[in-house]
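Participant: Work the whole structure out from these sequences, hints included.
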Amino acid sequence: MPIYLGIDGGGTQTTCAVANDESVLATIVAGGSNMVRVGEHEARSHLREAIVKACDAAGVSPTTVEAAVVGIAGASVPPVKDMVASMIHDLVPGDIDVVGDMVIAMEAAFAGLPGVVVISGTGSVAFGRNERGESGRTGGWGHAISDEGSGYWIGRCGVSAVMRALDAAEVTTLLRVFLDAWNLDSIEQLLQKANATPPPDFPGLFPGIESAARAGDKIARRLLINAGNELARLASIIIGRLWEEETAVRVALGGGVFAHSPQVRQTFWSKLRAMRPQAAVSFKIIQPVMGALWMARRMAATARD
0 MPIYLGIDGG GTQTTCAVAN DESVLATIVA GGSNMVRVGE HEARSHLREA
50 IVKACDAAGV SPTTVEAAVV GIAGASVPPV KDMVASMIHD LVPGDIDVVG
100 DMVIAMEAAF AGLPGVVVIS GTGSVAFGRN ERGESGRTGG WGHAISDEGS
150 GYWIGRCGVS AVMRALDAAE VTTLLRVFLD AWNLDSIEQL LQKANATPPP
200 DFPGLFPGIE SAARAGDKIA RRLLINAGNE LARLASIIIG RLWEEETAVR
250 VALGGGVFAH SPQVRQTFWS KLRAMRPQAA VSFKIIQPVM GALWMARRMA
300 ATARD
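According to numbering that gives the first Met the number 0, the sequence shown is numbered sequentially starting from 0.
Check before you lean on any hint, since a few could be wrong.
To be verified - Beta-carbon label-pair distances, calculated as ranges:
id: 1; residue 1: ASN182; residue 2: HIS88; range: 49 to 55 Å
id: 2; residue 1: GLY141; residue 2: PRO92; range: 32 to 38 Å
id: 3; residue 1: GLN188; residue 2: GLU243; range: 50 to 56 Å
id: 4; residue 1: HIS259; residue 2: ALA279; range: 18 to 24 Å
id: 5; residue 1: GLN188; residue 2: SER210; range: 38 to 44 Å
id: 6; residue 1: HIS40; residue 2: GLY135; range: 46 to 52 Å
id: 7; residue 1: ALA168; residue 2: PRO261; range: 26 to 32 Å
id: 8; residue 1: ASP55; residue 2: GLU243; range: 49 to 55 Å
id: 9; residue 1: ARG175; residue 2: GLU243; range: 47 to 53 Å
id: 10; residue 1: MET0; residue 2: VAL76; range: 45 to 51 Å
id: 11; residue 1: HIS88; residue 2: SER210; range: 29 to 35 Å
In short, the hints are calculated from the structure, not lab data.
Glycine is no exception: its CB is placed at the ideal position from the N, C-alpha and C atoms.
Facilitator: This is how it looks when you write it as structure tokens:
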């Protein structure tokens, strides 16, 4: 029976699923493989680790894979697409396609039908496709200038909010949360870490912010509300570009921020409904790797015809 691979290469983690025509045999998670985020060497290492471990868990050899689809940021740029394919072509002899992370997210959410998918993980982006096949994106231009509402954005804004709170003598538990998360002892060390080059692990601060918000920290809650509002704006812009005002639009959510923060989800829904009443939001968090897997099966079937 043919074997297929679907891979979602994110900035924080790489998810690889192995399947045959009937079922998913194994799914594993390795380190991040977004080259912009982790560099070429780590991206290659984590991609290959994910494939080897997933195939081992499934009880198959990578050499038996008929088709593999990798979804990763930057794949619309030919050098990135070719580089990612070259990282695994000696490991996986079957057909390999490298597509944007937004593409596999859309397939996971809508299987080729119209809609908008909003992703908030390490980074953020909104991508839509209408009934005429027209598509577009908003956001996702990198953590230095964009990625509003993402884990990176929340973490970076969190450190800024803590410093403003200290200036204003405002009480927050986040200072201790951040010092513990980064294993630091003082505000001075926090400032040095936050302003370092390359930047520190801002997305790693998100779980602590989420926990603090649930425990009642007002600044943490405000950060999550701001994130939900920013993500809703991204969705609203793409809906306005691709659909008439009265047209119903399905909206799907993906990424760790949406998955782990009820506050972000609720704020997103409320804000988007206020701006775009025609939006129908599903709170079932999509798994983009399943979109990659579905595309791999389809690619293999097309090649056989």
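Participant: If a hint holds in the structure, say so; if it does not, say that too.
Facilitator: We went through each hint and held it up to the structure:
{"no.": "1", "hint": "ASN182 - HIS88: 49 to 55 Å", "verdict": "39 Å, violated"}
{"no.": "2", "hint": "GLY141 - PRO92: 32 to 38 Å", "verdict": "34 Å, holds"}
{"no.": "3", "hint": "GLN188 - GLU243: 50 to 56 Å", "verdict": "53 Å, holds"}
{"no.": "4", "hint": "HIS259 - ALA279: 18 to 24 Å", "verdict": "23 Å, holds"}
{"no.": "5", "hint": "GLN188 - SER210: 38 to 44 Å", "verdict": "22 Å, violated"}
{"no.": "6", "hint": "HIS40 - GLY135: 46 to 52 Å", "verdict": "33 Å, violated"}
{"no.": "7", "hint": "ALA168 - PRO261: 26 to 32 Å", "verdict": "30 Å, holds"}
{"no.": "8", "hint": "ASP55 - GLU243: 49 to 55 Å", "verdict": "50 Å, holds"}
{"no.": "9", "hint": "ARG175 - GLU243: 47 to 53 Å", "verdict": "50 Å, holds"}
{"no.": "10", "hint": "MET0 - VAL76: 45 to 51 Å", "verdict": "35 Å, violated"}
{"no.": "11", "hint": "HIS88 - SER210: 29 to 35 Å", "verdict": "42 Å, violated"}
Of the numbered hints stated above, those contradicted by the structure are hints 1, 5, 6, 10 and 11, listed in ascending order.
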